[in-house]
Every structure is written in C-alpha cells, then in structure tokens.
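Since chain A is already given, all that's left is putting chain B on it; use the hints.
Heads up: the protein sequence lines correspond to chains A and B, in order.
Positions in the first sequence are counted from 1; adding 5 to them yields our numbering.
Positions in the second sequence are counted from 1; adding 5 to them yields our numbering.
Treat the hints with caution; some may be incorrect.
Given that identical chains are not distinguished, each listed pair holds provided it fits within a single copy or across any two copies.
To be verified - Taking lysine to any residue and the SDA-like style, the derived pairs with C-alpha atoms no more than 25 Å apart in a straight line are:
{"#": "1", "residue 1": "K15", "residue 2": "L100"}
{"#": "2", "residue 1": "K88", "residue 2": "E111"}
{"#": "3", "residue 1": "K10", "residue 2": "G55"}
{"#": "4", "residue 1": "K15", "residue 2": "Q139"}
{"#": "5", "residue 1": "K88", "residue 2": "Q139"}
{"#": "6", "residue 1": "K88", "residue 2": "R50"}
{"#": "7", "residue 1": "K86", "residue 2": "T99"}
{"#": "8", "residue 1": "K26", "residue 2": "A42"}
{"#": "9", "residue 1": "K88", "residue 2": "Y76"}
{"#": "10", "residue 1": "K88", "residue 2": "D16"}
{"#": "11", "residue 1": "K18", "residue 2": "E178"}
{"#": "12", "residue 1": "K18", "residue 2": "P80"}
{"#": "13", "residue 1": "K18", "residue 2": "T95"}
{"#": "14", "residue 1": "K26", "residue 2": "E63"}
{"#": "15", "residue 1": "K10", "residue 2": "H136"}
None of these hints come from the bench; they were simulated from the model.
Number of protein chains: 2
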Amino acid sequence: MQALKERILKDGKYLGNGILKVDGFINHQVDPVLMDACGQELARRFANVGAQRILTAEISGIAPAIMTAKYLNLPVVYARKTKPVTMADTVYLTLAQSHTKGKMVELIVSPEYLPRGERILIIDDFLASGHTIQGLVRLVDAAGATLVGIGTLIEKSFEGGRDALAHLNIPVESLAPITRMEEGIIEFA
Amino acid sequence: MQALKERILKDGKYLGNGILKVDGFINHQVDPVLMDACGQELARRFANVGAQRILTAEISGIAPAIMTAKYLNLPVVYARKTKPVTMADTVYLTLAQSHTKGKMVELIVSPEYLPRGERILIIDDFLASGHTIQGLVRLVDAAGATLVGIGTLIEKSFEGGRDALAHLNIPVESLAPITRMEEGIIEFA
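With the rest of the complex left out, here is chain A (with noise of 0.2 Å):
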C-alpha cells in the first residue's frame, strides 16, 4: 500500500539489529487517518474470507485491527499480555518471544471472546518472525476456532515469518512487505 510505504521511507528509523523504529505513526503516536486507511484495505483484502470476528494482540495491534474491523464490521478481540480482574478465571494463554521487548510474555484470551467453531481473521502490526502471530494462532486453535487469514501492516519479509505460517494454507497479507534494511536503505518487494 503506497501510503504506508512512503510513511515508512519518510519517518521510520532503523535502529539496527533488525529494528525498525515507526514510533511516530504506529507504536506510540498513532496517526489515525493512515491508519484508517490501512484498515481499509486491509478490509478489501479481506472482505470475501468470511470472518466473524478479529484476533490481535495488546498494545500495537489494536489501531490497524480496530479499524479493519469497522471496515468488516466484526468484533475485535484483543490478546491481552496480563490477565485484569475482571477476566473469567479459565482462559486460553500462550507464551511467545518478544522482539523488541527481549522476553517471552503471555497471550491471554477469554474464551467467551473466542467462540468454539467461528471464523477468525488476525490482524497485527508486525510480521517479522512471526512468534506473536504463532502465538495468536495457537489461541485459535486452543479454542477450536477456525483461522481463515493473516493480516499485517510491515512484513519484514527476510526474517522467516512467512515461511512459519504456510503451513496453514491461508491467505497471509502485508500492506507494506520490507525485503530489505540496513543503515539508510529500505526496499520494498
């Protein structure tokens, strides 16, 4: 998606170490008109795998699956990282490797949000190695729901992420799939 590239060009930072910095857009300040477009279209692309509902994860996937979300008009259900007090006792959790957070944290979902046999779409910011959205799917399968697609805003595509999902036979999108990044260079596919 052209509109997300040139964002990435003009303000995100490579930090080194295969970080991406997109702080100002994204992760802390979130610029809500791009973001609604990316929803949009991450909607279009989606817009005839039958979802019923949408699964990401706390803290920066809520922005883009929210506003895909309303462009499907589903619920979205967020994975949350510590279990608040007015969750039900039994949930599904699962553990997963964070990138930029250097350990592994918890996904935990309520399973009166992740109904037995319903069709799941997930949507998330990043797919680089891929372990939140590993983490995701196993929650969908820990429900006996159905996960009918993958959808992301960057896809740093040489980290491997992609090729740990085609096993699941899905469509797996990105609005902005990075093939390349080093000190001044990112290159699309």
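Structure of chain B alone, referenced to chain A:
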C-alpha cells in the same frame, strides 16, 4: 450518549468492589462501530478547544482515543507502561495507581511526541478515581504542554475523579456518567 449507555445496561456487568466489567465491547473485545460513534461524539464535544494532539494511556484508552483523533484529524500518543527498545533514552515517566491491576504502573511518553507548548486533549476509557488521568496530566505538565480538555467514555461519578480534576479549570466530558452502581443496578446522571 445514548448508544453507549444502552450497551452498558445490556452487556456491562457489575462485579462488586466498584468494578464494572465492559470487556465485551471496550476492554478485551471492542465493538468498532460503537467506538467509532463514541469517538465522533467526543470529537464533537471538543471541536472548539483547539487541541493539537491527543494523549491517552495504553491499553484501553487506545481505541476511544484513535477514533476521536480520526474525527479531529489529530495524532494520538499513548503513554506506554513499559519502555520499548525503540523509545528514546530520555523520557517523561510518572507512576499511577491502577485500580484494575491493584498496583502502581508506569506511564511513559517520549518527549518527541509531546512537544513543549502544544495544546493537548486527554482521552481515556474510564474516569473513576482519576489516578491514571492525573498521571497523564502530570506528563503534560512535565512536557510544558497545555492541557485543554479531558474526555472519557465512562465516568464513575461516585469515585471522586472529577473533583480531583476541578482545579485544572478545563472541560471534562464523559459519555456515560454512572451515578450509582450496585448488584443489578446501574444508574446514569
């Protein structure tokens, strides 16, 4: 706002101990259409305060803030509770008591997204005791920015949050002010 009040009466659950569970449409699962309508209404109420940026707190503030920001065409910054590797080394950080987590949490904003002299609108999901929002107010102060308004989805009017903010002399708006909450009873102002 009628649609939000009706949804609270339909799907909100009083858990005792002052805690209202709205996990089905705000805090774990989000209804994007309702949230969009809430954002539109908050944007309407703050249309004339001259805000240049919206500040919220992760996690539950993100959805209402981004929808409000979309209608006001403003960037939204969310105070983070842990410092990611992409964040600047020097930050604004304050501590706030979390009611639902039962502990102190950090609220962290990078100075690059909270510039001195800017007019800031705070948006969050709940105004209850007001601890989180007072934390956000301290961040605005620390940045040398100007607070121009505070808007929330739900207010628990009996927990004193609004009184604690009165000295700021700025508009404080909530879309669903709850005046009384007991087993089976939720009353609005």
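Going through the hints against the structure:
For the homomeric pair K15 and L100, neither the shortest alpha-carbon distance inside one copy (34 Å) nor that between copies (34 Å) is at most 25 Å. Taking the shortest Cα distances, K88 and E111 sit within 25 Å of each other both inside one copy (9 Å) and across copies (17 Å). Taking identical chains as interchangeable, the C-alpha atoms of K10 and G55 are never at most 25 Å apart, the minima being 28 Å within one chain and 31 Å between chains. In the homo-oligomer, the alpha carbons of K15 and Q139 never lie at most 25 Å apart, since the shortest distance is 30 Å inside one protomer and 34 Å across protomers.
With identical chains, the CA atoms of K88 and Q139 are at most 25 Å apart both within one copy (20 Å) and between copies (24 Å). For a Cα distance limit of 25 Å, the shortest separation of K88 from R50 qualifies neither inside one copy, at 32 Å, nor across copies, at 33 Å. For the homomeric pair K86 and T99, the shortest alpha-carbon distances inside one copy (10 Å) and between copies (21 Å) are both at most 25 Å. With identical chains, the CA atoms of K26 and A42 are at most 25 Å apart within one copy only, with a shortest distance of 20 Å there and 31 Å across copies.
Within a single copy, K88 and Y76 get their C-alpha atoms no closer than 29 Å, and across copies no closer than 32 Å, so neither meets the 25 Å cut-off. In this assembly of identical chains, K88 and D16 lie within 25 Å of each other by CA distance solely across copies; the values are 20 Å between and 34 Å within a copy. With identical chains, the CA atoms of K18 and E178 are at most 25 Å apart within one copy only, with a shortest distance of 23 Å there and 37 Å across copies. With identical chains, the CA atoms of K18 and P80 are at most 25 Å apart between copies only, with a shortest distance of 19 Å across copies and 33 Å within one.
Proximity of K18 to T95 under the C-alpha cut-off of 25 Å is restricted to the inter-copy arrangement: shortest distance 18 Å between copies versus 41 Å within a copy. When the C-alpha separation of K26 and E63 is checked against a cutoff of 25 Å, the pair qualifies both within a copy, at 18 Å, and between copies, at 18 Å. Proximity of K10 and H136 under a CA criterion of 25 Å is satisfied intra-copy only: 23 Å inside one chain copy versus 39 Å between copies.
Of the numbered hints listed earlier, those contradicted by the structure are 1, 3, 4, 6, 9.
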